[in-house]
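Whole structure, please, built from the sequences with the hints as guidance.
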Amino acid sequence: MSEQSLADLLAQHAPGSPAWEETFLILIAKRRQEQGGVEEYAKALANDLQNSTANSTRLGRIGNAIASSAGLRTAINTIDLCQLLLELRKPRIAIYDHTWQFIGGAQKYGATMAETLKDLGEITLIGNRPFSSEHLTEWYRLDLKDCATRVIPLPFFEEKGGDDIDPADITSRAMPNPFHAVSRASLDYDLFINNSMLEMVLPLANRSAFITHFPERRARSYFYVDRYSRVVCNSHYTADWIEKRWGFKPHTQIYPPVDMPGPRPENKEPIILSAARFDPGGNKQQLDMIRAFQTLIRRHPRASRGWRLILAGGSQGDNPFLQQVQKFLTDYPGLPVELRVNITAAELQELYRRSSLFWHFCGLGQSDPALVEHFGMTVAEAMQSGCIPLVFDGGGMREIVRSGENGYLFSSLAELVGATIRLFDMPELRANLAEAAWSAGRGFAKEIFAGRVRALVQELLAPAP
Amino acid sequence: MSEMGQNKTDIKVTLEGLRRQLARKAEQAGTIEAIAGGPVDRDLQLDYWRFSDTDLENELWSRMPELDQVIDILPSGFFTAGPGLSGKVKGRFKNLLLHLAMPLIRITLEKQNRLNRQFKHLQFIQFLIVKQLRQRLQRLESENRELRSCLDELETANAIVGEASDHE
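Protein chains in written order, with the working numbering: chain A, 200 to 664; chain B, 465 to 632.
There's no promise every hint is true.
[Stated by the list, open to error] Covered by chain B, per the in silico footprint, the following chain A stretches (three or more residues, Cβ under 8 Å):
| # | stretch |
| --- | --- |
| 1 | 306-314 |
| 2 | 348-355 |
[As the list claims (entries may be wrong)] Pulled a few chain A residues facing chain B out of the computed Cβ check, cut under 10 Å:
| # | residue |
| --- | --- |
| 3 | SER268 |
| 4 | PHE301 |
| 5 | LYS526 |
| 6 | ALA569 |
[Stated by the list, open to error] In silico PhoX-like links for lysine-lysine, alpha-carbon gap of 20 Å or less:
| # | chain 1 | residue 1 | chain 2 | residue 2 |
| --- | --- | --- | --- | --- |
| 7 | B | LYS595 | A | LYS289 |
| 8 | B | LYS584 | B | LYS595 |
| 9 | A | LYS645 | A | LYS317 |
| 10 | B | LYS476 | A | LYS242 |
| 11 | A | LYS289 | B | LYS472 |
| 12 | A | LYS307 | A | LYS526 |
| 13 | B | LYS584 | A | LYS242 |
None of these hints come from the bench; they were simulated from the model.
By construction, the Cβ of each residue, glycine as well, lies at the ideal position given by its N, Cα and C atoms.
In structure tokens:
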């Protein structure tokens, strides 16, 4: 049944008349076997309400008829959409992330979405563990004071204890899905955005978006990503892996927001900077960087004179990898390498401004695609301050750096050393590449992200023509 | 308030009331399927040939508990009665047949259960062997990388020494 025919059939009767209601109820019942129909029902209902007086008994009969023929979800979605069509309230938008309490690139993506969308509707941030919008505001330098927060505890993980909510613990459909609690909550919103990469959350809101930072797990038990209205990914690299692992193409790609705009590159110092979390598993490979720098100094003592390597990054609790790095530096006390752990955003920005080069190894020697940088936010941050990126040739970094034009991509340490020495030796080349990097970095600005997110959400919230 | 404004307020209140009523029903619904109005899960076809080593390993680990769930093929419980009188009669008849045939089929099914368990053990052992071999390979690869790095440094040192002797 097309929208036209439903509207036409209803148009034969006066809005609010018993005949109109009877026809509508018959049409609802006929659609028993079909899912959806929210748009048609909501439009018909809104049209009727605009042209008649409100009658709670009649409305109740229609709502219950929809619920019994197509399910409670369809009935609630219909009422929600009807309210929006009649402009009775602002859209309710939820952004879910089970890791709001941690600092990270993916969380920054979601929080920036919240800031971007706050004038389009009422924003609620949903998590599973206690978190506060004040922390998010402070961590990511965003204005989230108007955003509400909601915590939905998941008993399965509460009983299990620990900080992690790991979906890999749900190994089969023989186990109940603990994330259904979040699915139920999604019904309270007009738009539900899942920023947590938890494919086990079934969206029940009228419109939904799934943000994929990387498809970490295969599509298996409780896989609902394809039930979302839009699947969004953060880079073309992620898009390729979505296709490989989940067998479909994402609808949209939106690069993460990068907001470290620095001045035009001037007065740069002989510093190679790395900005990456000191991952306890060593995935960001800072130790390999130190070794490479050591080799570089040994091989090219004259060219590398005066240069130093600064490793900036966050670390939480007892970090065995950071200890390993510290021990290495103690063993080689003369090595011009500095560690800057857990520095503030302002301090990092100052480092970006002063540093000439930026090294990023993440992905080098890795066989697991999840361990290759999916985008590389710090690379784009460094470029925004005119640091020349020398980064591993893989993952999302290929989308940020154009080798030889605004930085270098390397596949081996020999390539990295060669490119670095070339830059040490040629100040003019350094100046040109720094300018090009600064210019290219602006292509990942927060404003561009915000524009794309708003366009996506406006499209999602707009009723179908 | 104008008539139009009053009607808009009435519509708002009425819709909110209905929504609350439906939301209450959804809260009371026992399953997500009851809210969604139908089944939400399906069996997904996986293309194992495209899996990476890590994916395969994860897949195997996650399949193990599922295997445990279905390994015992002996019937558990009874047939439930269908709707109406004929459903009840059919249900009772099936249960009677099951009861009578049980001593005979139990012998065969228990044998099958033993075989299932043996196969699971065998599968598990094979998996552990592959895992140990992979770990060994990773260790060897890591040692190889370190050796290459040492060799690299030796070559550099050698070149420096060579350059120095050339100067002399």
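Hints versus structure:
no.	hint	in the structure
1	306-314	violated (count 0)
2	348-355	violated (count 0)
3	SER268	holds, 8 Å
4	PHE301	violated, 23 Å
5	LYS526	violated, 17 Å
6	ALA569	holds, 8 Å
7	B:LYS595 / A:LYS289	violated, 55 Å
8	B:LYS584 / B:LYS595	holds, 16 Å
9	A:LYS645 / A:LYS317	holds, 15 Å
10	B:LYS476 / A:LYS242	holds, 16 Å
11	A:LYS289 / B:LYS472	holds, 15 Å
12	A:LYS307 / A:LYS526	violated, 32 Å
13	B:LYS584 / A:LYS242	violated, 56 Å
Going down the numbered hints, you'll see the structure goes against 1, 2, 4, 5, 7, 12 and 13, while the others check out.
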